[in-house]
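Residue numbers (this note's numbering), protein chains in the order written: chain A, 1 to 490; chain B, 1001 to 1462; chain C, 2001 to 2120.
Read the hints as simulated data drawn from the structure, not as lab findings.
As the structure is a computational prediction, the values presented were derived from the model and not from experiment.
For each residue, glycine too, the CB sits at the ideal point set by N, CA and C.
Treat the hints loosely; a few may be bogus.
To be verified - Where chain A lies over chain C, by a calculated footprint (3+ residues, C-beta under 8 angstroms):
| id | region |
| --- | --- |
| 1 | 2021-2033 |
| 2 | 2036-2048 |
| 3 | 2054-2068 |
| 4 | 2081-2088 |
Unchecked claim - The list that follows gives simulated cross-link-like pairs (lysine-lysine, DSS-like), each with its CA atoms no further than 25 angstroms apart:
| id | chain 1 | residue 1 | chain 2 | residue 2 |
| --- | --- | --- | --- | --- |
| 5 | A | K158 | C | K2116 |
| 6 | A | K203 | A | K157 |
| 7 | B | K1428 | B | K1086 |
| 8 | A | K364 | C | K2116 |
| 9 | B | K1347 | B | K1423 |
| 10 | A | K304 | B | K1139 |
| 11 | B | K1140 | A | K304 |
| 12 | A | K364 | B | K1139 |
| 13 | B | K1247 | B | K1080 |
| 14 | A | K166 | C | K2032 |
| 15 | C | K2032 | C | K2116 |
| 16 | A | K203 | C | K2116 |
| 17 | A | K166 | C | K2067 |
| 18 | C | K2032 | A | K157 |
| 19 | A | K304 | A | K203 |
| 20 | A | K203 | A | K166 |
| 21 | B | K1084 | A | K454 |
| 22 | A | K456 | A | K364 |
| 23 | C | K2116 | A | K157 |
| 24 | C | K2032 | A | K304 |
| 25 | A | K157 | A | K107 |
| 26 | B | K1052 | B | K1084 |
| 27 | B | K1347 | A | K454 |
| 28 | A | K55 | A | K110 |
| 29 | B | K1132 | A | K364 |
| 30 | C | K2032 | A | K158 |
| 31 | A | K304 | B | K1084 |
| 32 | A | K304 | B | K1132 |
| 33 | C | K2032 | C | K2051 |
| 34 | A | K456 | A | K166 |
| 35 | A | K104 | A | K55 |
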Amino acid sequence: MSIIQSFPLVIILVLLITAFMMPLIKNTKIIKGISLVSMTSVMILALINLDFVHKNGEYLYRIGHFNAPYGIEFRIGIIEAMMGLLFTFVALMIIWYSIYSIEKEIKQSKIGLYYLLVNILIGSLLGVVYSNDLFNCFVFIEVGTLASCGTIIVKDKKENIKATLKYLIMSCLGSGLVLMGIAYLYSMTGHLNINYIHAELVKCYLIYPNAVLISIVLFIIGLGVKSAMFPLHNWLPDAHSSAPSSSSAILSSLVLKAFVLLLIKILYGVFGMDILNHFSVLNIVLILGSLGMIMGSVFAIFQKNIKRVIAYSTVAQMGYIFLGIGLGTNLGVSIAIFHIIGHAVTKSALFLLAGAMIEQTGHKSLAQLKGIGREMPLTLGLFSIGALSMIGIPVLPGFISKWHLSLASIAAGDTILIVVILLSSLLNAVYYSPIVINGFFGEENLQGKVYKSKSKPLKELMPVIFLVISMIYVGIASRGIINLISLGLM
Amino acid sequence: MATIKFNEVKRNIFVSIGVILNLIFLITIFYMFGEISIHLIKLNEFLDIYLKIDKLSIMFSLLVAILWIFTTFYAMEYMKHEGKEKRFFTFFLATLGVTIGIAFAGNLITLYAFYEFLTLTTFPLVIHTDSKEALKSGKKYLIYSFIGATFVLLGMILLFSITKDITFNAHGILPALTKENRSLYLLSYVSMFLGFGVKAAIVPFHSWLPAAMVAPTPVSALLHAVAVVKSGIFAIIRMSYFIFGAKIIKELHVNIFLSILIVISILLGSFLALHQENLKKRLAYSTISQLGYVLLGVVLLNEDAFVGSLLHLINHALIKIVLFFCVGAIMYTTGKTDISQIRGIGKQMPITMGCFGIAAISLIGIPPTNGFVSKWYLAQGGLTSGEMIFPAILLFSALLTALYLLPVITEAFFKKGEHTIVKEAPMKMLIPIVMITIIVVLLGLFPNILITFIQQIASEVI
Amino acid sequence: MEGLMNNYYETGSIILFGIGFAILLLHNNLIKKIIGMNIMDTAVFLFFIAKGYVSGKDAPIIIGAHKGVQGYINPVPSALMLTGIVVAVSTTAFALALTVRIYEGYGSIELDEIIKMRSD
């Protein structure tokens, strides 16, 4: 066993240990430094790990040398390794951005607490992704929920408290359902390890059809609440729009994704295609995904606060991912995972830029942000590139997801979905274009705005520039990434 | 160009060198290499940015490049009155690049990508004046363009599920029509036709074009008489002949339905042009009608009609640019925009109005101008197709064209106007106008070089 | 039907789950919502632990001689549920702290009044 195989565990441990060191240190500069250094080092570890898995194939890592099914094991395949790299990279960029902006949003005394929560959050999300044991996943889910609530509430305003409470209660509802689902699975198979459960389930699912069906539904709804599947998304706009910008970025781009990845792992790893086809529950996911795509965009059109617009846009984008999962083919799931990657980098960039605009002008509403293109040209320019990806301009990852989803729909036989996908991308244009157009053009918009008056210095925008560059890279390298994902799903 | 600070003279030199170099570069490539192709980026089996130069591309790109040079000089003078030249010329050059990209596109996905980019680069040009009205028109333009692009994407995806390879090839690349895929082919073709047709201003998707007249005249002239709308038609030609192929379209019988739509465009465009007081809007509706001519030639599916349509593509571009430039010159020197305001201006701006007259005659279709040649071929094509109604429509529409263009000339030359002294248009604007008018006349007298070249293209395709 | 009656622990836990869910959704008072959440979680714990019960066997604590694996009930669910209880307690504590802050901010813990007051 090479030392590289233990990197995932090392990553999580490093994040958790550095997190707990932070409240002991009083100097905020050192805290920020520790946070940056820890995230950079785990990103490098994730990169080495991905390279290793790519050459040597997936492996199972026993924690503490206890064999499964008695001990907990991590399963590191290509997809898990890619997700590890994605999460750490995006988190690094967000933390880098937050170093400059966090003072303006939360009190000085809470900064150490904030970075502690971020590290714990990323650590727990990675735990959800890597773990091969269902109950271990559940524990990490709970840790993640509490940490993410913490990152919202660390900014002490009234709207935050209400949003956090809603998020907390909905999340607990979700976790309760997931735990019930785990309980059903345990009662049927006696195992908690994903591979073992799968082996047992295929033997016995015909004996307890109702129980299996109930457990699938419990998992879908439980994890659906946590990853904003359509009718269960109510907590998202409040939570993501009232949180500090870097928290919104982490929440929208990473937290939701870890839970939807767990859903993919459970649906396809624990249950597998045969059982899912037998019960045809994937159709529910498909329908809810399509509804989410349309309704999310429709709601976004009516919003006046820029962060709420982006939050509803997240609901719509998660709809794409659910559509991919609901198609039930290998291609569908590959595209869902590709969309996870693309959306993570895009949405984090958009939220950070929106945060920059709000911070510099003090306004949140769209009407007051007109003409901002002259005051902050680089910021709005980067925002437009992100918006173009959402609208579906070729070469950028948004277009590639849409194209492949349409092809996958045709292959799966549901041609009508193409209309839904294209309609949704058109709706995206409806609410993103006004932001960009009113920012850059329009005489009455630009009156009285001084060029570059509120622009952020370049060094503070560097992380966002990196995110945008990586977004364009994801678009260009899409063939390689999708091939890699398909390889991992075999 | 956006980032460097320029003063006026340096900027003008920079832009002119840019467009002239472009033309020289193009001609060199054509002479040295003939037909070549390169894969620019191959992202995966479909997302392949592939540039290929064939005769059709050569024709279109040369047209665009030459006219762009003329417009550059015209714009350098005209934009002095409008301001914000730096932003204007930046997107001006970018649009040139994108249009040539469309000309050189070797497969459908490259065409689609550049098509979307075209919308993005022309949008700042359309809303150049930044007024409320400009923003509203710009929004309309954007909405229509994106809806069109969505239709194109729908058609492309349906097509891709059948073939997997969307490289252009004369005679089409699709397997033969069968009972199962008939509805798929039909849906895909109609969807892409309507989608590209938005940019080509087919009724009912035409109303963005008159609204876009709020842009400065060089923009209206170049983009909406030449680059944007002709790109739409170019895309339809590429899609119809080089992907589907004439045979399959004939079997689909869809050209009957589409020709009805096109005939409506021709007639409606001419009718509405009659009612416009604003000169630019009148020319805009005229464009809608003339584009219908070109598209008619495309869907008639015989060789004469195709030759006529490509000829008219070139000729209309030349004519319309002259017409727009003249109107722009009037606006520049006098500030007047409506037909009722230009009484007697012929005496004071004789060269400008003279060229307008020649171009108008050409558009109506009177020999010895180039408009006559292209209409002749279109009429031939109509006769060959067997339906008498098409030449009849062409004749009727020519009559309407006369009805809406001649009043401009009569008002200008034969009525007494106010006695404010107006100078002739400045040199930089006048020279392009005169030069293109000369080309119009020359192409009418000696059209054969162009015709032989186009016949080569047509024979490959039909 | 007799399946439900025989497994009365599981039936009871599902009924309890439903009650907790209903309380969570239907009551306005925030404290009552948190109590509902707790009842839901407790129901799941009951379900899980009941799954570990083997009738006639002892609790898994060795008193005197070790009876071998057959002599005791399944200890794994109980152990797992300890973790679950810890999680539920921490979540409840967090939720209660938030409720205190809401009370300080809005002056009420009835949800409909808070929604009406949301004037920011």
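Against the structure, the hints:
1. 2021-2033: Check passed, 4 qualifying residues.
2. 2036-2048: holds (count 6)
3. 2054-2068: Result for this restraint: violated, n = 0.
4. 2081-2088: Since three or more residues must qualify, the claim that chain A covers the region 2081-2088 of chain C holds, with 3 doing so at under 8 angstroms.
5. A:K158 - C:K2116: 14 angstroms, holds
6. A:K203 - A:K157: 53 angstroms, violated
7. B:K1428 - B:K1086: 19 angstroms, holds
8. A:K364 - C:K2116: 22 angstroms, holds
9. B:K1347 - B:K1423: Measuring from Cα to Cα gives roughly 10 angstroms; hence the hint holds.
10. A:K304 - B:K1139: At roughly 19 angstroms apart (the allowed maximum being 25 angstroms), K1139 (chain B) and K304 (chain A) satisfy the hint.
11. B:K1140 - A:K304: Roughly 22 angstroms separates the two Cα atoms, so the pair holds.
12. A:K364 - B:K1139: 23 angstroms, holds
13. B:K1247 - B:K1080: 52 angstroms, violated
14. A:K166 - C:K2032: 14 angstroms, holds
15. C:K2032 - C:K2116: Distance ~19 angstroms between K2032 (chain C) and K2116 (chain C) Cα, so the pair holds.
16. A:K203 - C:K2116: 54 angstroms, violated
17. A:K166 - C:K2067: Roughly 49 angstroms separates the two Cα atoms, so the pair is violated.
18. C:K2032 - A:K157: 24 angstroms, holds
19. A:K304 - A:K203: 54 angstroms, violated
20. A:K203 - A:K166: Since the Cα atoms of K203 (chain A) and K166 (chain A) sit roughly 41 angstroms apart, the hinted pair is violated (cutoff 25 angstroms).
21. B:K1084 - A:K454: 22 angstroms, holds
22. A:K456 - A:K364: 17 angstroms, holds
23. C:K2116 - A:K157: 17 angstroms, holds
24. C:K2032 - A:K304: The given pair, whose Cα atoms are some 34 angstroms apart, is violated under the 25 angstroms limit.
25. A:K157 - A:K107: Given pair K157 (chain A), K107 (chain A) holds - Cα atoms ~11 angstroms apart, limit 25 angstroms.
26. B:K1052 - B:K1084: 36 angstroms, violated
27. B:K1347 - A:K454: Violated. K1347 (chain B) to K454 (chain A) sits at ~54 angstroms, over the 25 angstroms cutoff.
28. A:K55 - A:K110: Cα-Cα ~43 angstroms, so violated.
29. B:K1132 - A:K364: Roughly 24 angstroms separates the two Cα atoms, so the pair holds.
30. C:K2032 - A:K158: The given pair, whose Cα atoms are some 21 angstroms apart, holds under the 25 angstroms limit.
31. A:K304 - B:K1084: 31 angstroms, violated
32. A:K304 - B:K1132: Measuring from Cα to Cα gives roughly 21 angstroms; hence the hint holds.
33. C:K2032 - C:K2051: 29 angstroms, violated
34. A:K456 - A:K166: The hint is violated at about 34 angstroms.
35. A:K104 - A:K55: 45 angstroms, violated
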